[in-house]
Amino acid sequence: FDGDQMAVHVPLSLEAQMEARTLMLASNNVLSPANGEPIIVPSQDIVLG
1 FDGDQMAVHV
11 PLSLEAQMEA
21 RTLMLASNNV
31 LSPANGEPII
41 VPSQDIVLG
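Residue 4 in the numbering used here sits at position 4 of the sequence shown, with consecutive numbering throughout.
Calculated directly from the structure, the hints in this document are not laboratory data.
Don't take every hint at face value.
As the list claims (entries may be wrong) - If you anchor each label on the Cβ, the simulated ranges turn out as follows:
#1 Pro-11 / Ile-40: 22 to 28 Å
#2 Met-6 / Asn-29: 19 to 25 Å
#3 Asn-35 / Asp-2: 38 to 44 Å
#4 Gly-3 / Gly-36: 26 to 32 Å
#5 Ala-16 / Val-41: 28 to 34 Å
#6 Val-30 / Asp-2: 35 to 41 Å
#7 Ala-34 / Ala-7: 24 to 30 Å
We treat Cβ as the ideally placed atom computed from N, Cα and C, and that holds for glycine.
Generate the whole structure from the sequences, applying the supplied hints.
Set out below in structure tokens:
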């Protein structure tokens, strides 16, 4: 082994899976909870199409 490693966190219970879906859904993470400003801002390749 050369020190590379990866951790995977998987919600096991049905309740945990539902909570993860709710919290991590992309449409719930468009605005910053700190100030309400957009997190995703078009730049570079996105603007060019």
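Right, here's what the structure says about each hint:
Distance hint check: the CB atoms of Pro-11 and Ile-40 are about 25 Å apart, consistent with the given range 22 to 28 Å. Distance hint check for Met-6 and Asn-29: the Cβ-Cβ separation is about 23 Å, which falls inside the suggested range of 19 to 25 Å. Judged by the Cβ atoms, the range 38 to 44 Å given for Asn-35 and Asp-2 holds: they are separated by roughly 42 Å. Between Gly-3 and Gly-36, the C-beta spacing of about 41 Å breaks the proposed range 26 to 32 Å.
A C-beta distance of roughly 32 Å is found between Ala-16 and Val-41, which places it inside the suggested range of 28 to 34 Å. Taking the beta carbon of each, Val-30 and Asp-2 are about 39 Å apart, inside 35 to 41 Å as hinted. Take Ala-34 and Ala-7: their Cβ atoms lie about 27 Å apart, and the range 24 to 30 Å holds.
When each numbered hint is compared with the structure, a violation occurs for hint 4 only.
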